[in-house]
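Residue numbers (our numbering), protein chains in the order written: chain A, 3 to 594; chain B, 3 to 594.
What the hints contain is simulated information worked out from the structure, not anything from laboratory work.
Relax, there's no trap hidden among the hints.
One copy or two, it doesn't matter: identical chains are merged, so the pair holds either way.
Only pairs whose alpha carbons sit at most 25 Å apart, straight line, appear in this in silico DMTMM-like list of lysine to aspartate or glutamate: (1) K22 / E380; (2) K48 / D35; (3) K11 / E555; (4) K147 / E239; (5) K538 / E592.
Number of protein chains: 2
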Amino acid sequence: MPIYTPPLKDMQFVLHEVLKVQDSATPGYDELDTGFTSAILEEAGKIARDVLAPLNELGDREGCRLENGVVRTPKGFKEAFDTLRNGGWTGLACDPEYGGQGMPYVLSAAVAEMQTGANMALNIYPDLTHGAYSAIHTHGSDALKQKFLPKMVSCEWTGTMNLTEPHCGTDLGLLRTKAEPQADGSYKISGQKIFISAGEHDMADNIIHLVLAKIPGGPEGVKGISLFIVPKFLVREDGALGARNGVSCGNLEEKMGIHGNATCVMNFDDAEGYLVGEAHKGLRAMFTMMNQARVGVGQQGLSQAYAAYINAAEYARDRLQGRAVTGVQNPDGPADPLIVHPDIRRALMDQKAFIEAGRAFLIWGASMIDAHTRSGDEAANGLVSLLTPVMKGFLTDKGFESTVQAQQIFGGHGYIEEQGMSQFVRDARITMIYEGANGVQALDLVGRKLASDGGKHAMAFFDLVKGFIKENEADDGLNADFLIPLKAASKDLQAASMYFMQTGMKDPNAALAGSTDFLHLFGHVCLGLMWAQMAKTATESLAAGASDARFYENKLVTGRYYMQRLLPETGLRLARITSGAAPVMALAAEDF
Amino acid sequence: MPIYTPPLKDMQFVLHEVLKVQDSATPGYDELDTGFTSAILEEAGKIARDVLAPLNELGDREGCRLENGVVRTPKGFKEAFDTLRNGGWTGLACDPEYGGQGMPYVLSAAVAEMQTGANMALNIYPDLTHGAYSAIHTHGSDALKQKFLPKMVSCEWTGTMNLTEPHCGTDLGLLRTKAEPQADGSYKISGQKIFISAGEHDMADNIIHLVLAKIPGGPEGVKGISLFIVPKFLVREDGALGARNGVSCGNLEEKMGIHGNATCVMNFDDAEGYLVGEAHKGLRAMFTMMNQARVGVGQQGLSQAYAAYINAAEYARDRLQGRAVTGVQNPDGPADPLIVHPDIRRALMDQKAFIEAGRAFLIWGASMIDAHTRSGDEAANGLVSLLTPVMKGFLTDKGFESTVQAQQIFGGHGYIEEQGMSQFVRDARITMIYEGANGVQALDLVGRKLASDGGKHAMAFFDLVKGFIKENEADDGLNADFLIPLKAASKDLQAASMYFMQTGMKDPNAALAGSTDFLHLFGHVCLGLMWAQMAKTATESLAAGASDARFYENKLVTGRYYMQRLLPETGLRLARITSGAAPVMALAAEDF
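Okay, chain A solo, but in the shape it has when bound (with noise of 0.2 Å):
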């Protein structure tokens, strides 16, 4: 069975030497000294590993079953999220007046990963639950939000979001589900939605459905679209459980992984709804909480990418094949390790520099949403809007592709379901397509995030690079090893955009065709960003004389790994993306 390390050092080190958030001007973060953050990540951490962890492979296999309308999850499952429950843990960083912790979201993010790493399927109950209270707690009148948000908070209820259904996933406008007002104010709501996550199960006492539907005689299109609340039970004005509502799983959908989770078809037939907001303004309603979303799900990606990845370093140390070439380094076994081959070596360093990066990337980003949430910082919310679909684009691709690596490394023993390397895999693919599948994040980020306010915010990141670079260029080591490579993989990106913004007006498709290597090559310069700040932060801990030098050492070794290996993919980024749209467009449909 898969173990969890959670990976606490590092996470202190991004917390605390990178972003420094103990001296942030963010309000909150002063309590953020590194007592209080190991703490909690400490605990957090325990419960990943001992709790949710030994509980992964059995929610794979087991899955959830539908028995008579009633969805039963996993053995354990209810009394693992009992403990996340009954440790606060659900409301770490929800508001106080509902009973939330009021943490700031990139402490609760730090934990989210090694929840999340640790048992992915489980903690969507908890995490939609999440993503539901935030787009009440933002939009709903006081009235709704007393009567709900504080039975979320707790996850004694939990909550779905309902957007997708049958013939329409990302093309929210050709929706169909109505929702009819009543004399009472309240809504009719009838319609079927699909790929509904927790959307049925028996681990609480009510489920809220946040529900996309169409007020009859609205606008046509994404402009009529309205938010609903609709729960699974009704709730008296006592705050007691009353009959039960009109909605119901009609089916759980069999699926390529995160087994645990309910994925369930959701029938409505004339259910009680209260509308979120103001009608015809849902989408924006659900999509104000977007960005966090979306950050949770690249976290996703990362989080399965480390924990498949802490597998198989451990595999590579322990299983002995074959002979190192430079002479034999286990003399008195019968082989050497695997780790001594330097394919498999360069296998980890992949999975490794790749994850580090991406965790202080995503640590970073929760950083500016906490800016913006806690301390209305308009330009920390337009840097973040803009790489929120790289955080989830690229670390969910890549996130994947890392999970594939570490998976390799067990030869045969890989495709066997009981080493449990497979279901990282096949949990890791679903962050590639949900919450907005990769291919619309790319064109989110090409064709809105890039230009919006006027290019504004990604100049603001080429400044941020600049200035970094231009800062500690005087540190020759530093300079070579990572501030050469991320300038030139920074000009590789200002190219790209240039183009875009060249060719995007006459010839859109031209933009779009490179829309995907765009997000990738994105991606690489964050991630290079990051190593060229934990480089800086590293080398001043070396030359400071830091007690666990090897620590920093090694952070010096991995990302130089990146900025020699990983980072030059932006040239060919480039390239694809400036062969344009006739390569992409050229052939009749009918011709594929």
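Fit chain B to the given chain A structure using the hints.
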């Protein structure tokens, strides 16, 4: 349920227009006129589409079950296998002396792509039988051949390969299975083998296991390994089946994919076995058929990519979602088909451009195997041996990636098992692992094949590329679109080879750290060469006023896509390779 459309026209194009097999001097190729090959391929395609493909998803869902030592294969598998047996398909390329059809491998390889593309799990049974047939045919005594081959050619009896043991896969020197010589010249085999495909099942009267084992007192390590035939049922002098032998299936593995294939733990307990070839030369005997087996696995990877691709293209044409950025394309519908979106086309073009060149590469490889086996062409043998790890490693890495891209086009529907796209991904995944994991292929390429015979075969490959460019560069269109990019890629490959030659002797880790990159660099040059050759043929056909101009124009479009957007990866691979061993080897094992 996924469809399967046999790629008949594409195969005919490669066989008759690009490779011109009908004009080849290889014995037996004179039979291969277009009428004959199209009759065979059409019939094989029908079986693939109508008999094998409809069972694919069912085989995945139902899997194999072990009941009291008997393995039950999925419903319908035996009847479909009967169709293959009764039609003589299993012996297509086998020796007529033992009941085979004696066809060239190049034709049976084309047939195999369709059969394995339509149902990979089912085709493993005849594929492995053919592998075992080849080993016995090449190395067995006449008596063994007479006794076992006729029933293996007809697949009344199936075959297996027993190499892996729990503690050793790649490193066969560690194996422990013992073969004790008996007075009658037979051996008693005892030990445990794992991951034995088709090790036990209910579709054949007998199963002929080929088993690697050590004769006590023989040399240590791989030099003391011998190859044995161990039948499930002993075969009497008159050919009738006798007593059950001491071999049984101890367990079935639960795997990520190929569920219709029985992957068995095999226990040998004083089982009667017969030496194949010389004692202690078993590994050589097993590996002489390795070229063909590895080409076959490369073909599995490609075949899954193709099967996934045709379904993705169909879905992209059918599914209505969003509107084209350049203006509505389907004004009468609620939305435009997915295929109008540039990023969807980009993903489809990635797949198509890879698949068509990969198919040509494999058929070319098969023709070289024929040139060697049918007319003793040692140059062809040297070249195909060099290219075998590329065909296996590159085509399965990219084949898997291609299935993931196809699945991605389905969005959330791609993650649902019912849709069938997940199965292509899960089935294709094994091709990167078995028959020598792709890291081992890369090691074989860089550590052995590249420098074998003084680098003669690598030089022959470079000369082939150079010669083709020189012969054709007078054609300006071909030169600009195909030959110039091919020349650049080939230079990257030569630079990488040179780097290995210069550093490999003093720092073997520097060569091996770049081995996977080299395999991919080599693969791209091969597919670039295939596209250049196909483009030449297409250009000539268009100039000659071919009636099906659109087919040839599409070839040029698809080829240009490869040259512009995929082939430039060679530069990135070269950069990684020349970064050398240091970044890969610098960390201590315990610091991963």
